[in-house]
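Asks: Using the sequences provided together with the hints, build the complete structure.
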Amino acid sequence: MLSKTHPTKLYIILPLDRFPSAVHFSSLAHTQKPSNLPVPLTKEAFTTLLQSCSSSQNQLKQIHGLLLTTGISIKNSLITHLLTNLTLLGEMSYVRQLFDEMHKPRIFLWNTLIKGYVKSELHTEAASVYRQMHLLSVRPDRFTYPFVVKACAELPQLWAGGAVHAHVIKYGLEFVSMVRTELMIMYMRFGELDWADFLFGSMVEQDLVAWNALIAACVQNGLASKALGLFRQMSVVGMKPDAVTTVSALSACGQLGCLEIGEEIYGMARKEGVDCNIIVENTRLDMYVKCGSIDMARPLFNKMPQRNLVSWSTMILGYATNGESEQALTLFSRMQKEGVQPNYVTYLGVIAACGHAGLVNEGWAYFSQMAQSGDNNIQPRKEHYACMVDLLGRAGYLEEAYSFIKSMPIEPDAGVWGALLGACSIHQDVKLGQHVADLLFEVAPDTASYHVLMSNMYAAAGRWDFVDKVRWRMRKNGVKKVAGYSAVEFNHESHVFYGGDRSHPESPYIYEKLEVLLNQIKSLGYMPKTSSVFHDVETEEKEITIKTHSEKLAIAFGIIKITPGYPIRENTQAHASLCGLDAARASLGLELPSYEVKSFDVSHTNN
DNA sequence: TTAGGGCAAC
Numbered sequence: 001m002l003s004k005t006h007p008t009k010l011y012i013i014l015p016l017d018r019f020p021s022a023v024h025f026s027s028l029a030h031t032q033k034p035s036n037l038p039v040p041l042t043k044e045a046f047t048t049l050l051q052s053c054s055s056s057q058n059q060l061k062q063i064h065g066l067l068l069t070t071g072i073s074i075k076n077s078l079i080t081h082l083l084t085n086l087t088l089l090g091e092m093s094y095v096r097q098l099f100d101e102m103h104k105p106r107i108f109l110w111n112t113l114i115k116g117y118v119k120s121e122l123h124t125e126a127a128s129v130y131r132q133m134h135l136l137s138v139r140p141d142r143f144t145y146p147f148v149v150k151a152c153a154e155l156p157q158l159w160a161g162g163a164v165h166a167h168v169i170k171y172g173l174e175f176v177s178m179v180r181t182e183l184m185i186m187y188m189r190f191g192e193l194d195w196a197d198f199l200f201g202s203m204v205e206q207d208l209v210a211w212n213a214l215i216a217a218c219v220q221n222g223l224a225s226k227a228l229g230l231f232r233q234m235s236v237v238g239m240k241p242d243a244v245t246t247v248s249a250l251s252a253c254g255q256l257g258c259l260e261i262g263e264e265i266y267g268m269a270r271k272e273g274v275d276c277n278i279i280v281e282n283t284r285l286d287m288y289v290k291c292g293s294i295d296m297a298r299p300l301f302n303k304m305p306q307r308n309l310v311s312w313s314t315m316i317l318g319y320a321t322n323g324e325s326e327q328a329l330t331l332f333s334r335m336q337k338e339g340v341q342p343n344y345v346t347y348l349g350v351i352a353a354c355g356h357a358g359l360v361n362e363g364w365a366y367f368s369q370m371a372q373s374g375d376n377n378i379q380p381r382k383e384h385y386a387c388m389v390d391l392l393g394r395a396g397y398l399e400e401a402y403s404f405i406k407s408m409p410i411e412p413d414a415g416v417w418g419a420l421l422g423a424c425s426i427h428q429d430v431k432l433g434q435h436v437a438d439l440l441f442e443v444a445p446d447t448a449s450y451h452v453l454m455s456n457m458y459a460a461a462g463r464w465d466f467v468d469k470v471r472w473r474m475r476k477n478g479v480k481k482v483a484g485y486s487a488v489e490f491n492h493e494s495h496v497f498y499g500g501d502r503s504h505p506e507s508p509y510i511y512e513k514l515e516v517l518l519n520q521i522k523s524l525g526y527m528p529k530t531s532s533v534f535h536d537v538e539t540e541e542k543e544i545t546i547k548t549h550s551e552k553l554a555i556a557f558g559i560i561k562i563t564p565g566y567p568i569r570e571n572t573q574a575h576a577s578l579c580g581l582d583a584a585r586a587s588l589g590l591e592l593p594s595y596e597v598k599s600f601d602v603s604h605t606n607n
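Numbering (the working numbering), first residue to last: 1 to 607.
The set of hints was computed from the structure by calculation and includes no laboratory data. Backbone N, C-alpha and C define an ideal beta-carbon position, used for all residues, glycine too. A few of these clues could be false.
As the list claims (entries may be wrong) - As a list, the in silico DSSO-like pairs of lysine-lysine whose alpha-carbon atoms are at most 30 Å apart:
| no. | residue 1 | residue 2 |
| --- | --- | --- |
| 1 | K303 | K240 |
| 2 | K150 | K119 |
| 3 | K476 | K522 |
To be verified - What follows is a set of in silico ranges between Cβ atoms, one per label pair, in the way DEER data are often shown:
| no. | residue 1 | residue 2 | range |
| --- | --- | --- | --- |
| 4 | L193 | K61 | 44 to 54 Å |
| 5 | P305 | E205 | 31 to 41 Å |
| 6 | I559 | S503 | 11 to 21 Å |
| 7 | A166 | R270 | 40 to 50 Å |
| 8 | Q369 | D465 | 39 to 49 Å |
| 9 | K476 | K61 | 57 to 67 Å |
| 10 | S407 | E205 | 55 to 65 Å |
| 11 | P299 | E338 | 42 to 52 Å |
| 12 | V443 | D468 | 36 to 46 Å |
Replies: Here it is, written out as structure tokens:
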């Protein structure tokens, strides 16, 4: 590669077949012949070479070698260029070596290194670079913190982030809006809502990105109603939402099951000229799916101007969670025919579809397809094992499910054991259930649903002594069961019902209607299943608990209120708290209900 | 030479 044709000047010869980009380079060097020409090795030449080779790590490494052999490596800016380019390619270990060899790197380079680690999701490394910087008394600048804070947000504990926040204040950078936005996101990640609110509220200028970050963080933390509240507040202060805002708002509607509000938000976005790109449309598709409205999801999916893997996976999962297993599997094969490569999420939908339809063999086939694919991206993960355990368990193959878990090449997590516990509960296998529960309570001692499952199973077996024990353990561990509720959307309002709830102003009519409906179905042979009610109560009382279950109340209300022919949708996602929903309604300018909800459903959670 | 926010499952 190197030829010394002049005693004081170095030249490089670029073989064009290995350096296609060198054509550009040679022409810049004003050469006549297009191949293998010696070019003076100047700093400018290297800069040009680096620019034209920025997307190939091999070429960059060759240039590095060249720099080393020519002694030009002293030139800091060249190394900086090289390092920046390698960072963009995610070559972090190489970058780190390069960085460590440098003498007193400038702040720009420290920032580049931290940024590179964050982009490669090596958050601990990013934080430790910052720490090293701090120890060496390198003064950070306003470009340092957005990424350092981002890294801290991904660490297991908040203390590092708190310390960094203190540094931000010390260096007088707390009002730099990007730094503040990242701090806000960090506090939200750790559930420190008050801190996030404070940072947002005391911003010098709340720009669109800050609004979007906060709203998105709310959605990601399950605070969908707060997100919608902020969305409303945003328009009050005259900030126009963009595609990112719309995605968060639609996602919030999906979580809350507020289909009509979501439709309004989408309609407004269209009217306001928001760029409704594929991400917006995928979120809308997902909202329909989460609101149980597969009939709206289907045409949207079919008419989407462009579809990507997420669109396909969402639709497949949509079919699977709404009980249309065959459609899910058909869509999966159509997807493959159209040459779209599935990933691990797609397979979750596919296996879930098999589970719902009791297609054990098919489930196995898809699972092995994943394992044998050789594709790293679709190797079975814990979630797939959990899904398979659920599939086997539902179909009654409890022992098989158990040995399947035992044969797992990866450590099973609570989700996997939880799936088996669920199956034990369905099939009332108390012995295996007990064993599983013991394992589970060690891994996840404060997950309410496992305790409830266990308690229900003991109740079904008439082991009230054990029921008490589970409840005692829940109290001891401070496990609180989340009250299940059901919601029906009517007249742009979400009407929420807890079990046994009589706080709705129309309660008398609702209960009257419910009585009529229950008598009708009883005459058709319906027997309430009283075995799994949480409490050891008399059968009659259990029947009351079951028949005033939140879902039944919601449906009775729906039947009274909603025009015949208008669908009553089941929301598959309702998990938000009631006060949250109220806040959402209020903030969206919807009428607040005058009733209060006080009672709680203890029979079982929804879904 | 540098910078922030968004989609699918648990």
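Asks: Now tell me if each hint is right for this structure.
Replies: Hints, verified against the model:
1. K303 x K240: holds, 28 Å
2. K150 x K119: holds, 10 Å
3. K476 x K522: violated, 40 Å
4. L193 x K61: 44 to 54 Å: Since L193 and K61 have Cβ atoms about 46 Å apart, the given range 44 to 54 Å holds.
5. P305 x E205: 31 to 41 Å: The hinted range 31 to 41 Å holds for P305 and E205, with Cβ atoms some 36 Å apart.
6. I559 x S503: 11 to 21 Å: Check passed, 19 Å falls within 11 to 21 Å.
7. A166 x R270: 40 to 50 Å: At 45 Å between Cβs, range holds.
8. Q369 x D465: 39 to 49 Å: holds, 46 Å
9. K476 x K61: 57 to 67 Å: holds, 59 Å
10. S407 x E205: 55 to 65 Å: holds, 57 Å
11. P299 x E338: 42 to 52 Å: violated, 18 Å
12. V443 x D468: 36 to 46 Å: Violated, since V443 and D468 (Cβ atoms, about 23 Å apart) do not stay within the stated range.
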